[in-house]
Each structure stands twice: as structure tokens, then as C-alpha cells.
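Spelled out from the first residue to the last, the chains are:
Number of protein chains: 2
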Amino acid sequence: MVNHAFNEQISEISHLLNIINLLNWDASTGMPEKASENRGKQIGLLSKLAQQRILSKEMKTAVAQLDDNPNLSLIESRSVKAVKNAIAYFDKIPTELVTKQAELCSLAEIAWREGRATNQFSLFEPYLERIVNLKKEIADRVGYVNHPYEVATNEFETGLQVPVLKSLFEQLKARLVPLAKKVHQAPKPNNDFLFRSFPIEKQRAFSHSLASKIGYDFKRGRLDTTTHPFEISMTRDDVRITTRFNPNFLNAGLFGTLHEAGHALYEQNVAPELNQTALTLDLIGLYAVAGTSYGVHESQSRLWENRVGRSFEFWQNHYGLLQETFKGTLDDISLSDFYRAINRSEPSLIRVEADELTYDLHIMLRVEIEMGLMDGSLSVKELPEYWRAKMQEYLGIMPSTDTEGVLQDIHWSKGMIGSFPTYTLGNVMAAQFMQAALKEAPYLDQDLSQAKYDSLLSWLTKNILSHGRTYTPDELLMNVTGRGIDPSDYLTYLEQKFAKLYDL
Amino acid sequence: MVNHAFNEQISEISHLLNIINLLNWDASTGMPEKASENRGKQIGLLSKLAQQRILSKEMKTAVAQLDDNPNLSLIESRSVKAVKNAIAYFDKIPTELVTKQAELCSLAEIAWREGRATNQFSLFEPYLERIVNLKKEIADRVGYVNHPYEVATNEFETGLQVPVLKSLFEQLKARLVPLAKKVHQAPKPNNDFLFRSFPIEKQRAFSHSLASKIGYDFKRGRLDTTTHPFEISMTRDDVRITTRFNPNFLNAGLFGTLHEAGHALYEQNVAPELNQTALTLDLIGLYAVAGTSYGVHESQSRLWENRVGRSFEFWQNHYGLLQETFKGTLDDISLSDFYRAINRSEPSLIRVEADELTYDLHIMLRVEIEMGLMDGSLSVKELPEYWRAKMQEYLGIMPSTDTEGVLQDIHWSKGMIGSFPTYTLGNVMAAQFMQAALKEAPYLDQDLSQAKYDSLLSWLTKNILSHGRTYTPDELLMNVTGRGIDPSDYLTYLEQKFAKLYDL
Numbered sequence: 001m002v003n004h005a006f007n008e009q010i011s012e013i014s015h016l017l018n019i020i021n022l023l024n025w026d027a028s029t030g031m032p033e034k035a036s037e038n039r040g041k042q043i044g045l046l047s048k049l050a051q052q053r054i055l056s057k058e059m060k061t062a063v064a065q066l067d068d069n070p071n072l073s074l075i076e077s078r079s080v081k082a083v084k085n086a087i088a089y090f091d092k093i094p095t096e097l098v099t100k101q102a103e104l105c106s107l108a109e110i111a112w113r114e115g116r117a118t119n120q121f122s123l124f125e126p127y128l129e130r131i132v133n134l135k136k137e138i139a140d141r142v143g144y145v146n147h148p149y150e151v152a153t154n155e156f157e158t159g160l161q162v163p164v165l166k167s168l169f170e171q172l173k174a175r176l177v178p179l180a181k182k183v184h185q186a187p188k189p190n191n192d193f194l195f196r197s198f199p200i201e202k203q204r205a206f207s208h209s210l211a212s213k214i215g216y217d218f219k220r221g222r223l224d225t226t227t228h229p230f231e232i233s234m235t236r237d238d239v240r241i242t243t244r245f246n247p248n249f250l251n252a253g254l255f256g257t258l259h260e261a262g263h264a265l266y267e268q269n270v271a272p273e274l275n276q277t278a279l280t281l282d283l284i285g286l287y288a289v290a291g292t293s294y295g296v297h298e299s300q301s302r303l304w305e306n307r308v309g310r311s312f313e314f315w316q317n318h319y320g321l322l323q324e325t326f327k328g329t330l331d332d333i334s335l336s337d338f339y340r341a342i343n344r345s346e347p348s349l350i351r352v353e354a355d356e357l358t359y360d361l362h363i364m365l366r367v368e369i370e371m372g373l374m375d376g377s378l379s380v381k382e383l384p385e386y387w388r389a390k391m392q393e394y395l396g397i398m399p400s401t402d403t404e405g406v407l408q409d410i411h412w413s414k415g416m417i418g419s420f421p422t423y424t425l426g427n428v429m430a431a432q433f434m435q436a437a438l439k440e441a442p443y444l445d446q447d448l449s450q451a452k453y454d455s456l457l458s459w460l461t462k463n464i465l466s467h468g469r470t471y472t473p474d475e476l477l478m479n480v481t482g483r484g485i486d487p488s489d490y491l492t493y494l495e496q497k498f499a500k501l502y503d504l
Numbered sequence: 001m002v003n004h005a006f007n008e009q010i011s012e013i014s015h016l017l018n019i020i021n022l023l024n025w026d027a028s029t030g031m032p033e034k035a036s037e038n039r040g041k042q043i044g045l046l047s048k049l050a051q052q053r054i055l056s057k058e059m060k061t062a063v064a065q066l067d068d069n070p071n072l073s074l075i076e077s078r079s080v081k082a083v084k085n086a087i088a089y090f091d092k093i094p095t096e097l098v099t100k101q102a103e104l105c106s107l108a109e110i111a112w113r114e115g116r117a118t119n120q121f122s123l124f125e126p127y128l129e130r131i132v133n134l135k136k137e138i139a140d141r142v143g144y145v146n147h148p149y150e151v152a153t154n155e156f157e158t159g160l161q162v163p164v165l166k167s168l169f170e171q172l173k174a175r176l177v178p179l180a181k182k183v184h185q186a187p188k189p190n191n192d193f194l195f196r197s198f199p200i201e202k203q204r205a206f207s208h209s210l211a212s213k214i215g216y217d218f219k220r221g222r223l224d225t226t227t228h229p230f231e232i233s234m235t236r237d238d239v240r241i242t243t244r245f246n247p248n249f250l251n252a253g254l255f256g257t258l259h260e261a262g263h264a265l266y267e268q269n270v271a272p273e274l275n276q277t278a279l280t281l282d283l284i285g286l287y288a289v290a291g292t293s294y295g296v297h298e299s300q301s302r303l304w305e306n307r308v309g310r311s312f313e314f315w316q317n318h319y320g321l322l323q324e325t326f327k328g329t330l331d332d333i334s335l336s337d338f339y340r341a342i343n344r345s346e347p348s349l350i351r352v353e354a355d356e357l358t359y360d361l362h363i364m365l366r367v368e369i370e371m372g373l374m375d376g377s378l379s380v381k382e383l384p385e386y387w388r389a390k391m392q393e394y395l396g397i398m399p400s401t402d403t404e405g406v407l408q409d410i411h412w413s414k415g416m417i418g419s420f421p422t423y424t425l426g427n428v429m430a431a432q433f434m435q436a437a438l439k440e441a442p443y444l445d446q447d448l449s450q451a452k453y454d455s456l457l458s459w460l461t462k463n464i465l466s467h468g469r470t471y472t473p474d475e476l477l478m479n480v481t482g483r484g485i486d487p488s489d490y491l492t493y494l495e496q497k498f499a500k501l502y503d504l
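Those sequence lines, one after another, are chains A and B. If you read the first sequence in the working numbering, its first letter stands for residue 1, the second for the next number, and so on. If you read the second sequence in the working numbering, its first letter stands for residue 1, the second for the next number, and so on.
Treat each hint with caution, since some may be false.
If several chains are the same, the list does not tell them apart, and a pair holds so long as it fits within one copy or across any two.
25 Å max Cα-Cα, derived SDA-like pairs, lysine to any residue [said to hold, decoys possible]: (1) K390 with S36; (2) K166 with V352; (3) K219 with L107; (4) K452 with A436; (5) K57 with L45; (6) K219 with G44; (7) K219 with R113; (8) K100 with H4; (9) K181 with T95.
Note that these hints are calculated values from the structure, not bench results. As the structure is a computational prediction, the values presented were derived from the model and not from experiment.
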């Protein structure tokens with residue numbers, strides 16, 4: 001059994017990181033505007049206290065004692081390894097560098113906001129250059145196998161290697177670009193009616209009921225509204241989601257809620273015995289999270305949003321309630337017209353508004369840029385032009401402003417270089433997981449078509465969710481699917497779905 | 001200047017206690033129900049960390065160095081004194097005793113809830129006995145001048161002495177009991193219309209606007225709804241209030257909001273330079289609060305709720321908006337009928353529903369009981385009968401059940417023996433402060449009658465609010481009014497107000 005000092009420290013770290021999550025949740029959901037300065041200091045203090053505990057003498061002694069001890073259980077040995085990795089990371093990255101990054105990013109975000117508002121990339125450019133240089137410095141300090149981008153992206157997806165990533169996107173490009181082209185040449189289904197008037201209170205009630213139906217437990221959660229939807233957990237017993245409702249567009253609130261509820265199902269279904277262990281904590285990111293990586297997390301949100309929530313079977317079961325909720329608004333719209341509308345695809349400029357088919361093309365562009373910046377083959381100055389060229393190549397359209405182009409995402413200004421691949425990894429893994437689930441439990445298809453979501457959730461819990469961060473994403477994928485990352489299931493799913501939808 | 005180690009520790013303690021307040025706010029405003037166990041542990045950890053800092057070697061060294069140093073400013077010397085007092089307190093009260101109290105109270109609260117629900121005082125009786133014994137033990141350890149009750153009550157009101165308290169209630173009894181009798185024999189004004197239908201959203205908007213009008217700053221605050229209204233602050237830049245709205249009774253939400261906004265004005269108007277000093281912290285209660293005591297805090301809530309909010313002048317200015325807000329509901333009610341209705345007094349069983357005139361009689365009964373329990377002149381077993389007798393003596397009515405009698409308040413089950421006096425102290429001090437304000441700034445009367453609340457708020461800020469916990473309640477009262485606690489202003493105010501209202 002792992003020793004007392006180790007457990008004691010981890011338990012305190014766990015509380016501290018969970019409290020930080022609550023402070024962040026509050027800051028996003030209605031904190032008084034003038035409270036932000038103090039809030040920053042509060043979070044800073046708790047982060048410092050958590051890090052002090054990771055790097056404490058007691059912890060280092062405990063880790064040295066426990067490391068490679070053959071009597072440890074898997075959970076114990078993986079907990080020790082997680083702490084050991086964090087200690088090694090912080091030994092290489094001095095606190096001053098972390099502080100420097102935080103200060104740089106807070107200025108960068110201001111410059112980015114100003115640049116985006118006024119369509120001036122030049123305002124953000126010098127900050128992005130400094131951020132890239134800092135990321136390169138961190139990569140050099142941490143060290144990498146193939147490519148400096150691996151250090152950046154491994155903050156979000158442990159073990160992800162650049163050759164794997166390159167091969168993944170090559171395969172996606174080869175089939176997605178032509179598929180999208182074909183679909184966009186076909187006649188578009190009508191979706192006017194999605195922009196009718198949908199009172200927010202009714203949207204909220206309907207979204208609430210859908211989240212419940214797929215298994216989100218409101219006794220251990222709550223649904224609020226924010227400009228940017230998110231999910232955040234303070235242990236498995238307190239997993240909160242937010243969404244945004246547009247009174248004149250149904251999709252945003254509806255699929256946004258399913259997406260965040262999918263994330264929440266991961267956190268709510270981690271095994272209770274992992275509570276207050278290192279296996280529900282990201283000790284390097286100093287972030288309480290039970291999911292093993294951003295990519296696997298995204299696989300769960302995409303699975304419930306798209307595979308389940310945008311399927312014909314789903315709406316066969318719930319379209320009646322939707323019509324009834326918005327009485328008089330969708331009476332003239334058939335189930336199949338509704339299904340086609342919510343799956344309509346078209347080339348678009350903005351990633352967060354992109355549909356299921358084009359989403360990964362937006363990601364591909366960003367990942368190529370991030371790699372190029374990190375290995376020096378692309379300079380920050382070149383980005384606006386590069387962006388336009390790639391949008392033309394992948395989607396056949398081009399932004400007329402940088403605001404709608406290279407300046408649209410907040411990520412880089414926050415120092416998040418390397419997180420974009422996880423969106424596509426999520427899509428791809430969701431397809432692999434579904435394939436494995438249906439192979440092992442063929443009855444799932446029928447259960448889904450009968451709105452029995454608990455059997456899919458049980459399968460996911462047993463195979464993925466319950467393990468928290470016990471396994472790396474690679475191990476988990478191998479355990480569950482017998483393969484590494486492989487986009488063939490995903491591509492086949494998209495090809496079949498859109499062929500049927502568009503009569504290709 | 002106070003030394004670096006001292007400031008560093010205080011700053012961390014300040015953040016920790018402010019975060020605890022947020023954790024408590026969240027727990028009361030919509031935390032998922034199953035999150036409560038972890039929430040308790042989170043608060044427990046932060047309390048422990050705060051206490052460790054108060055009792056740390058660095059802190060003790062700093063205090064020893066700074067104590068009685070003639071070069072300190074008033075703020076510095078008072079900060080040092082606050083820490084010194086806390087160290088002395090915790091030296092006398094071992095951690096085990098605090099833990100024992102917390103455990104006992106969590107069981108006691110369950111027993112109290114059960115007892116209240118089923119009208120069985122016997123269920124709560126053994127727990128209350130143990131709580132009283134524990135409070136006596138604490139009193140003996142801490143030591144007192146006149147009476148063990150002083151230790152209990154000084155948790156809420158530093159320096160309050162029993163002889164002062166006894167004399168205060170004797171003076172109140174001598175004039176309040178006959179006044180109440182006379183008022184209750186007179187014909188009652190009609191108040192039926194206060195129980196008409198008042199949609200909650202409109203109540204919320206109206207209460208929001210009243211809180212704004214008296215100076216509550218929503219950029220540094222927010223208004224939520226909870227079963228039990230409260231105010232809580234996380235620094236002066238984040239001061240939150242809650243209220244409850246009853247769709248069929250106007251007073252609860254309206255005056256509840258004014259009351260909590262009054263508390264909030266205290267916290268929002270402490271001098272910015274006291275932020276993150278010991279003078280915005282209760283270091284013994286481990287609670288972030290800028291107000292110097294519960295009594296002075298209550299003086300501010302009562303002042304805005306009753307002196308301002310239940311005055312004729314207030315409604316002369318705002319009754320039009322109220323009528324307009326609830327169009328069609330109060331059209332037949334004149335301003336003077338409305339004014340009489342919101343000030344109607346009658347004997348009632350429940351403290352939290354009591355009116356301005358009878359409120360202190362409810363308190364008097366509780367304070368006598370608390371004193372008797374602490375000095376052993378009254379036993380827990382005797383309480384139900386004692387309660388009935390005193391209700392008959394002071395208010396001329398008697399509860400038919402203990403649920404409506406001795407079991408009505410949660411305080412004792414939570415170990416809060418000694419907090420009740422502060423409600424009456426608040427009423428009395430509010431009158432003394434108003435008297436001092438009007439003497440020094442006679443224009444305030446006219447400003448209030450013209451709905452210019454900022455001049456009263458400025459006066460209060462300068463004389464009371466800005467100082468935070470720099471002065472003890474006694475010092476503050478003496479500085480501002482030139483007297484100690486003295487109920488004559490308060491009694492005169494009540495006698496005049498009700499004589500006029502009831503044509504006595």
C-alpha cells in the first residue's frame with residue numbers, strides 16, 4: 001500500500017486543484033466584473049500551494065521509496081509515476097519561465113482581442129512570435145523524440161508523436177477533401193426553420209431533458225449559460241456544464257449541451273476509488289480532471305454530440321418532444337427534413353461554427369501551422385497569407401479579413417499551442433470506440449434506436465471512463481480497440497453518412 | 001512598516017478565507033446536492049492552512065518583533081494585535097476541541113431538524129446539553145471578567161460585557177413591553193394587499209433597483225435567491241447578497257433585499273488599503289469579513305432596512321415605481337395605507353417574521369436563556385416551559401408547539417450560543433449612528449427625503465464602514481457617538497414612530 005505521506009499530499013493537491021476549478025467556474029458564470037483581479041491572485045496562491053506539495057521533500061522521498069516497487073497495485077504504481085513525471089517536468093521548467101509565460105500571455109490576449117476587433121494581425125504578431133519562442137525554449141528544456149511540437153502537444157495529449165500525427169492528417173486529407181467537395185456540389189437541404197424563434201427557457205428545458213436522458217446526473221451537476229460553453233469538474237460528484245442559447249438558432253444550445261454533457265459523462269463516471277488520487281489530476285497542468293487526455297475527452301463529447309445526437313435514430317425518438325416543446329414552430333417540418341437540416345454541410349470560415357464533415361479541415365490547417373511554427377519552417381509573419389491559401393485548398397473559400405481568418409481563435413494568445421490536434425483525435429477515437437463497442441456488444445445498435453442510452457454508457461464506463469488517468473491515451477486505445485490511432489472507421493462513417501444524406 | 005513575513009502570511013490567510021467564503025456561497029446557491037461531502041473537506045483543508053499560517057513560527061516571530069513597536073501606524077498596530085489575539089486564543093483552545101465541536105454540531109443539527117419537524121424537543125435536548133457543556137469548557141479555558149457568557153458572545157461581539165448587556169435589556173424591557181401592549185390594543189391597519197400576487201421576476205427587478213438606489217454596486221456584487229437570505233464577501237470587490245421572494249407576499253423579498261444590501265454596503269465600503277490586511281479578517285472565527293462585529297454589521301442592515309426602507313419618505317419617492325412595476329395590483333392602495341401596512345405590528349411566534357417593534361422582545365427571551373444556560377441558572381430541560389412563560393410575559397401569546405417555540409432557530413444546533421444579542425445591538429446602534437449623523441450633518445434629513453442616499457452612505461463610510469476592523473465595536477461607537485451602547489435614541493425613535501402610526 002502506498003505510504004501515508006504520499007496519500008496525504010495527493011489528497012491536499014486534489015482538494016486545491018478542485019477548488020481552483022470552482023474558482024474558474026465562478027469566474028465564467030457570473031462573478032462580479034471587478035472581482036477578477038483578486039480572483040487571479042486566489043488561483044495563483046492555490047496553484048503555488050499545489051505545486052509546493054508536488055515538489056515537497058516528503059513527496060520526493062515517498063516517490064523515491066515507491067518507484068518500481070513490485071508490490072504496488074496498478075493504480076498505485078501509475079499514481080507514483082504521474083507524480084514522478086510532474087516532478088521531472090517542473091525540475092526542467094523553472095518557475096520564472098512559467099511566470100514569464102503567464103505574464104506574456106495576459107498581454108498577448110489583450111493584443112489579440114484588439115487585433116481581432118480591428119482586423120489588425122500586426123498587433124498580435126509580435127506577441128505570437130514571443131510565445132512561439134517561449135514554447136521552443138520549453139521544448140528544448142523538456143526534450144523530445146522527433147519534433148519540438150511534441151512537447152507542446154503532449155501538454156494536452158501525452159505520448160502523441162509527430163510522425164503519427166502527420167500520417168493521421170494525410171489519411172484524413174486524402175478522403176475528406178474530395179468528400180467535402182462532392183457534398184458541397186450537391187443540392188443543399190433546407191435548414192431555414194432552424195432559425196425560427198425558439199424561446200430560451202424552452203430550449204433550456206429541452207436541453208436539460210436531453211442531457212438527463214443520455215445519463216448526465218443533475219444531482220452531481222448543473223447547467224448554466226456562458227458565452228463560451230465548457231465542462232468542468234470538482235470531483236466526480238460535482239461536474240458542471242454550461243451552454244449558450246440563441247433564441248433564433250436551435251443548434252447552438254442543443255448540440256452544445258450534448259457536447260458538454262458528453263464531456264461530463266467522462267468525469268461523472270470515473271471509478272469512485274480514484275477520487276482524491278493522482279489519477280484524477282493533471283499534475284503538470286495543475287488541473288483537476290479525470291479524463292486521461294484532451295483527445296480522449298473530446299472523443300466522448302463528439303460521440304454523444306455527433307454519433308448519438310446527430311443520428312437519425314436519436315431524432316426518431318426525440319423529435320416529437322422537440323415539436324411539442326416548441327408548439328407551432330416545427331409542425332410543418334418532417335422528421336427527415338429536420339434530420340437533414342441538422343446535418344447540412346457547407347464550407348464556412350469559422351471553426352466553432354463548422355459542421356461535422358468540415359470540422360477536421362479547419363483543424364488540419366491549424367495543426368500544420370503549429371508544426372511549422374515550432375520547427376521554424378513557417379514564420380509568424382507568413383500566417384495570414386498561409387491561412388488564406390490553405391482555406392482555399394481545403395474548403396474552397398477564403399476569408400476576406402484576418403478577423404475571420406488567422407485571428408479567430410483565442411488559443412495561441414493563451415499560450416495553447418498544440419491543443420488543436422486533440423479535436424480531430426477526439427473525432428477519430430470516437431469512431432474507433434463506437435466500432436469496438438458495436439463489435440463487442442452488437443445489441444447497442446438496437447438499444448440506441450430505442451433510446452436506451454444506459455447500455456452504451458455502461459460499456460463506455462467499463463472500458464474507458466472508469467479508468468480515469470490510469471492509462472495513457474495510447475494504452476487505452478490499444479486496450480479498447482486493439483489498434484493505435486486509425487482514421488479508417490471515422491472516414492467510413494462520414495462517407496456512408498453523407499452519401500446517404502446527400503444521395504451521392 | 002510591518003515586516004515582509006507578516007504581510008506575506010496575512011495576504012495568504014486573506015486569500016484562503018475569501019476562498020472559503022466563496023465555497024460557502026456556492027454551497028448555498030446551487031451546488032449539486034451530492035457535492036456536499038467533498039465541499040466540507042475542501043473548506044476543512046483551507047481552514048487548516050489558514051490556521052497554520054496564523055500559528056506559524058514566522059508569524060509568531062513577526063508578532064513578537066512588532067508588538068508594541070511605537071513606529072507602527074494605527075492600521076499596522078491593530079493588525080498585529082488582531083493576530084496576537086488569535087494566537088492567544090488558539091493557544092488556549094486545542095484543535096481537538098474545535099474538531100469535537102464541529103462533530104457534535106453536525107449531529108446536533110440533524111437532531112434539531114428532526115426534532116423541529118416532529119415537534120420533539122427531547123430529540124434535540126441531549127445534544128444541546130453537550131453543546132452548552134462544551135461552551136462552558138471553552139469559556140473556562142479562555143477566561144472571562146464577569147460571566148462565562150462573555151466568552152460565547154465575544155465570538156460575535158468583541159468586548160461585550162454581561163453587565164452592559166443586562167442593563168441594555170432592562171432598559172428596553174421597561175419601555176418596549178408597555179409600548180408593544182399599547183400598539184397591539186389599537187386597531188390594526190389593513191395589510192391584506194401585501195398578500196396579493198406579485199410575480200417573482202418583477203419583484204427581483206424592483207429589489208435590484210432599490211439595492212442599486214441605496215448604493216449597492218452590482219459591478220462588485222450580485223443578487224441570488226436562497227431559502228435563507230445572507231450577505232457574504234470575498235474582498236470589497238466581490239460582495240454578494242441573496243434574498244427570497246414569495247409570490248404572494250411582498251415584504252419578504254423587498255425588505256430582505258434592503259437588509260442584505262445594508263450588510264453589503266459595509267463590506268463594499270471598507271477602505272481599499274485594508275484589502276488583504278488582518279483588518280478585513282476575523283482571525284479567530286477564520287472568516288473573511290470587513291465589518292468589525294456582528295452587532296455593528298447588523299446596525300447597517302437594520303439602518304437601511306428599517307430606518308430608511310420603512311420610512312414614509314422612502315416610499316414617498318418609490319411607491320410610484322412599485323405601483324407601476326406591479327401594474328393593476330396596488331392601484332387602489334394609497335401611499336399612506338401602504339406605509340401603514342408595511343409597518344403594522346402584531347405579536348407573533350416566529351422571530352424571523354417579527355416586525356420592527358416586537359423583534360427585540362424575541363431576542364430578549366433568547367439572550368436570557370443563553371445567559372442562564374451558561375451560568376447554570378437554567379437547565380436545558382426547562383427551556384420549553386421557560387420559553388412559553390416568557391413569550392406570554394413579553395408578547396402576550398404562547399406557542400402551542402415547541403416547533404413554533406424553542407425549536408424554531410437553527411443557531412444553537414450550530415454551536416452559535418451568544419450571537420442573538422447582536423441583533424438587538426444592531427438596532428440600538430443604528431439609532432445611535434443615525435442620531436449622530438443627523439446632528440453632525442442635518443442636511444441628511446432633506447437628502448433622504450429626496451432619495452439622495454449617497455450623502456448618508458458617505459457619512460457612514462467616513463465614520464464607520466471605511467475603518468473595517470480597525471476599531472473594536474466599543475471604540476467605534478464611542479468615536480462616532482461619544483457614548484457607549486445606549487438604547488434611548490432607539491426607544492425614542494420607536495415610540496415616536498408608532499405613536500404616529502397608531503394615533504396613540
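A quick look at each hint next to the structure:
For the identical chains of this complex, K390 and S36 are neighbours neither inside a copy (38 Å) nor across copies (50 Å), given an alpha-carbon limit of 25 Å. Taking identical chains as interchangeable, the C-alpha atoms of K166 and V352 lie at most 25 Å apart only when both belong to the same chain, with a minimum of 23 Å there against 68 Å between chains. Taking the closest pair of Cα atoms, K219 and L107 come within 25 Å of each other only across two copies (23 Å); inside a single copy the shortest separation is 40 Å, beyond that limit. With identical chains, the CA atoms of K452 and A436 are at most 25 Å apart within one copy only, with a shortest distance of 18 Å there and 71 Å across copies.
Taking the closest pair of Cα atoms, K57 and L45 come within 25 Å of each other both inside a single copy (20 Å) and across two copies (20 Å). Taking the closest pair of Cα atoms, K219 and G44 come within 25 Å of each other only across two copies (23 Å); inside a single copy the shortest separation is 30 Å, beyond that limit. Within a single copy, K219 and R113 get their C-alpha atoms only as close as 37 Å, which misses the 25 Å cut-off; across copies the closest is 22 Å, which meets it. For the homomeric pair K100 and H4, the shortest alpha-carbon distance between copies (24 Å) is at most 25 Å, but the shortest distance inside one copy (35 Å) is not.
In this assembly of identical chains, K181 and T95 lie within 25 Å of each other by CA distance neither inside one copy nor across copies; the values are 49 Å within and 71 Å between.
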